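Undergrad: Chain residues, written in single-letter form:
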Amino acid sequence: MSKALPIANRVRELRELRPMTQSELGDAVGVTRQTVAAIEQRRYSPSLETAFRIARLFDTPLEAVFFWDE
Amino acid sequence: MSFREKSAGLMALVLLLASALYAKAVLSASVASGALVAPNFPDLIGYTLLLVILSVLGHIVLAAVSPKEANAQVDERERAIAAKAGRISGALQSAGVVLSLLGYLWLQQAHVLFYCILATLVLAQLLNYGLTLVFNRMVWQA
Chain A
1 MSKALPIANR VRELRELRPM TQSELGDAVG VTRQTVAAIE QRRYSPSLET AFRIARLFDT
61 PLEAVFFWDE
Chain B
1 MSFREKSAGL MALVLLLASA LYAKAVLSAS VASGALVAPN FPDLIGYTLL LVILSVLGHI
61 VLAAVSPKEA NAQVDERERA IAAKAGRISG ALQSAGVVLS LLGYLWLQQA HVLFYCILAT
121 LVLAQLLNYG LTLVFNRMVW QA
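Protein sequence lines, in the order shown, are assigned to chains A and B. At position 10 of the first sequence the residue is numbered 10 (the numbering used here), and the sequence of numbers has no breaks. At position 93 of the second sequence the residue is numbered 93 (the numbering used here), and the sequence of numbers has no breaks.
Simulated from the structure, these hints should not be mistaken for laboratory data. Some clues are possibly wrong.
What the hints assert, rightly or not - Within a straight-line C-alpha distance of at most 25 Å, the following computed SDA-like cross-link-like pairs (lysine to any residue) qualify:
no.	chain 1	residue 1	chain 2	residue 2
1	A	Lys3	B	Leu133
2	B	Lys68	A	Ala51
3	B	Lys84	A	Glu40
4	B	Lys68	A	Pro19
5	A	Lys3	B	Glu76
6	B	Lys84	A	Gly26
7	B	Lys84	A	Arg33
8	B	Lys84	A	Pro19
9	B	Lys68	A	Ser23
10	B	Lys84	A	Pro6
11	B	Lys68	A	Leu57
12	A	Lys3	B	Phe135
13	B	Lys68	A	Gly26
14	B	Lys6	A	Gly26
15	A	Lys3	B	Lys68
16	A	Lys3	B	Ala83
17	B	Lys6	A	Thr21
18	B	Lys84	A	Ala37
19	B	Lys68	B	Val122
20	A	Lys3	B	Ala80
21	B	Lys6	A	Ser23
22	B	Lys68	A	Arg33
23	B	Lys84	A	Leu48
24	B	Lys84	A	Gly30
25	A	Lys3	B	Ile88
26	A	Lys3	B	Leu57
None of the values given here were measured: they were computed from a predicted structure.
Start from the sequences and build out the full structure, keeping to the hints where you can.
TA: Right, dumping it as structure tokens:
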């Protein structure tokens, strides 16, 4: 398994607080369930647009959702 | 597993099966005649029809099993994966075509050129499907 990406996130935590499924979050921000799973597992860093969509959906500042963690 | 992954896996299997049957037909005919047989339309039409029919039927089954995923738009991650898989398999395809043409200059046999280019197309497409499956499991940056 490759090393995780340097950008960490709180997507799973925020999603479970709402609560939402990965599929519902994917539908809300325009990506597939598999992409949401990849973001949560740090296997994929989303585009800036998708990152903003996720932060906006959770009504949380972007830097509170995604942050540098090398 | 996403719909694109299932589709890539299905297409890899279909392409392998149809290509193996076509290769077997060409090899059998070549062994029987004692020389490499010329490509012919009936075999190629059969190969193409088998590919089309199996892939259409397979995708109908995949779409019936997960209709929501089948109708979903390709997202940014899937687009990036498809682009990278396409770039790598495209490079293999280009190299294969150039090698086939060089082989023709050396051997001067049009049948060999035809089969080499066909094999290149099949291998490049198989690589594309394989990379799609692998990249979906890897760490990936947009």
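Undergrad: A separate judgement is required for each hint: does it hold in the structure or not?
TA: So, going through the hints one by one against the coordinates:
At roughly 19 Å between alpha-carbon atoms, A:Lys3 and B:Leu133 fall within 25 Å of each other, so this suggested pair holds. Straight-line distance between C-alpha atoms of B:Lys68 and A:Ala51 comes to about 24 Å, which keeps the hinted pair within the 25 Å bound. Between B:Lys84 and A:Glu40 the alpha-carbon distance is near 22 Å, which keeps this suggested pair within the 25 Å criterion. A distance of roughly 21 Å separates the Cα atoms of B:Lys68 and A:Pro19; the hinted pair therefore holds under the 25 Å criterion.
Taken as a hint, the A:Lys3 and B:Glu76 pair is honoured in the structure, with Cα atoms around 21 Å apart against an allowance of 25 Å. For the given pair, B:Lys84 sits about 23 Å from A:Gly26 by alpha-carbon distance, which is consistent with the 25 Å threshold. At most 25 Å may separate the alpha-carbon atoms for a hinted pair to count; B:Lys84 and A:Arg33 meet this at roughly 21 Å. A C-alpha spacing of about 35 Å is found between B:Lys84 and A:Pro19, which places the hinted pair above 25 Å, so the restraint is violated.
Under the criterion of a C-alpha separation no larger than 25 Å, the hint pairing B:Lys68 with A:Ser23 is consistent with the structure, at around 11 Å. Among the hinted pairs, B:Lys84 with A:Pro6 is consistent with the structure: their alpha-carbon atoms are about 21 Å apart, no more than 25 Å. Between the alpha carbons of B:Lys68 and A:Leu57 the distance comes to roughly 22 Å, so the proposed pair stays at or under 25 Å and holds. Between A:Lys3 and B:Phe135 the CA atoms are separated by roughly 14 Å; this keeps the pair inside 25 Å, and the hint holds.
Between B:Lys68 and A:Gly26 the alpha-carbon distance is near 12 Å, which keeps this suggested pair within the 25 Å criterion. Simply put, B:Lys6 and A:Gly26 have alpha-carbon atoms about 19 Å apart, close enough for the 25 Å limit, and the pair holds. Using a Cα cut-off of 25 Å, the hinted pair A:Lys3 and B:Lys68 is violated, with the two alpha carbons roughly 32 Å apart. Pair hint A:Lys3 plus B:Ala83 holds up; C-alpha atoms about 22 Å apart against a cutoff of 25 Å.
Distance check on the hinted pair: B:Lys6 and A:Thr21 sit about 22 Å apart at the alpha-carbon level, within 25 Å; holds. In summary, the hint linking B:Lys84 to A:Ala37 is supported, as the alpha carbons are separated by about 21 Å, within the 25 Å threshold. Using a Cα cut-off of 25 Å, the hinted pair B:Lys68 and B:Val122 is violated, with the two alpha carbons roughly 30 Å apart. This hinted pair checks out: A:Lys3 and B:Ala80 have alpha carbons roughly 19 Å apart, not beyond 25 Å.
With a C-alpha separation of about 18 Å, the suggested pairing of B:Lys6 with A:Ser23 holds against the 25 Å cut-off. For a cut-off of 25 Å, the pair hint linking B:Lys68 to A:Arg33 stands: about 11 Å separates their Cα positions. For the suggested pair B:Lys84 and A:Leu48, the alpha carbons sit about 20 Å apart, so the restraint of at most 25 Å is met. About 21 Å separates the Cα atoms of B:Lys84 and A:Gly30, which keeps this hinted pair within 25 Å; it holds.
Distance check on the hinted pair: A:Lys3 and B:Ile88 sit about 22 Å apart at the alpha-carbon level, within 25 Å; holds. Restraint check: the Cα-Cα separation between A:Lys3 and B:Leu57 comes to about 39 Å, which exceeds 25 Å; the hinted pair is violated.
This entry does not satisfy hints 8, 15, 19, 26, going by the numbered hints stated previously.
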